Amino acid sequence: MFVPASGPRGSGEAFRCLNLARAMHARQPDLDVHVLLDPRAGLAPDSCWTVHALEATPARAAAAVAAHLDRLRPALAIFDGSGRTDHLRRVRRGGGRVVWVSNRTSRRRRGFSPRRMRWIDLHVLVGPGRGAAPPGRIERGMLRLFGGPAILTTSAIAPTASGSNRADRGHGNGEPRQAAVFVSGGGGQVSDGRPVPELFLDAARAFHRATGAPALVILGPQYEGEAASDSDGDSEGETDDGPAGVRVVRSLPTETLGARLAEASLIVAGAGNMLSNQVLLAARPCVMTATGGHDQPARLARLAASGAVRPAALDSAVLADAAIALHRDPEARAGLVEAVRRLGVVNDTGRVADRMLGLLDG
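Start counting the sequence shown at 161; every next residue gets the next number (our numbering).
There may be inaccurate statements among the hints.
Claimed, not checked - Pair by pair, the computed Cβ-Cβ distance ranges are:
1) Asp190 / Glu215: 25 to 35 Å
2) Ser466 / Ser207: 34 to 44 Å
3) Pro274 / Thr371: 35 to 45 Å
4) Arg462 / Asp192: 34 to 44 Å
Quick caveat, the hints were computed from the structure, so don't treat them as lab data. All figures in this text were calculated on a predicted structure; none of them were measured in a lab. We treat Cβ as the ideally placed atom computed from N, Cα and C, and that holds for glycine.
Please take these sequences and the hints and turn them into a complete structure.
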């Protein structure tokens, strides 16, 4: 049973759980996988799991989550970004095992609280670069004092890109043949009353007008506006500004998005956890901005300080200018790519899936 934070303004936790569910299901096809999910997270139906719809994120639908846990009695429950102590306790008292996934300081702190630690079997720490920081002195003291869970530090949890995912395909100088990719994230964010994906679309159009280079805009599964998009939401779709201009799609499967990012000439992206992981794994030059969520500014600051991304304000003109400048500066692009490679980001999805399946076997 996966219990991710979910709702109309963010979907990173839900997509992370989907990646883990697919990896676990691929390794053990007879696994009976379920997810408690607010449908507004924008995930398309997937054969790897059974969806139980909630009216809100699990933390705000506590009674419904408790009822599902009591009825289904999961052998393993994975709480990602959401989980009340009562929910963890119900799983354990029903004979199940509990995994707590944290990618933010506040969630990590909750996972190390004495009230929760006693009910958690495995705490997965997700962090950028070479991985999340291992337990510090105070956290180690908590583990000694209260027992608590096993700890697994990880880097990125993201899908394996379908198709080619090599950033050096294309021209002999290492530049890929594909468009610049503009993607804000799930698409449900709003800035000054306007959907954030539309700011990215404006930036892509300005970028194309200034450079003549093609751009691909991915609006996101949570976008509910009327911007031009393809008819089926699952391909590169219709041309918006001409055959070599700005193509707009409503959304892409996460593995397809990974391939588009890896082949991009450059990327303009939001700083959400899942998306930033995919951007780093793609190892392409990137302009990044905080589009929403309390965790994004700090993440953006860390990545910018490492030289892995070029930061920009959430403004269509600012994003366009940054992308245009990067397009015209091959030395800057190469420097960003080299900085990403120094971070040593690794896709740990398979390793985490194996560890979780080990809890079932244990």
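Practice prompt. Could you see if the CB distance from arginine 462 to aspartate 192 stays within 34 to 44 Å?
Written response: 39 Å Cβ-Cβ, so the 34 to 44 Å window holds.
Worksheet item: Holds or violated: 25 to 35 Å for the Cβ distance of aspartate 190 and glutamate 215?
Response: holds (31 Å)
Worksheet item: Per the hint of 34 to 44 Å, is the separation of the Cβ atoms of serine 466 and serine 207 within bounds?
Response: For serine 466 and serine 207 the Cβ distance comes to about 38 Å; the hint holds.
Item to complete: Starting from the range 35 to 45 Å, see whether the pair proline 274 and threonine 371 falls in it by beta-carbon distance.
Response: violated (56 Å)
The structure fails to meet hint 3 from the earlier list, while all remaining hints are met.
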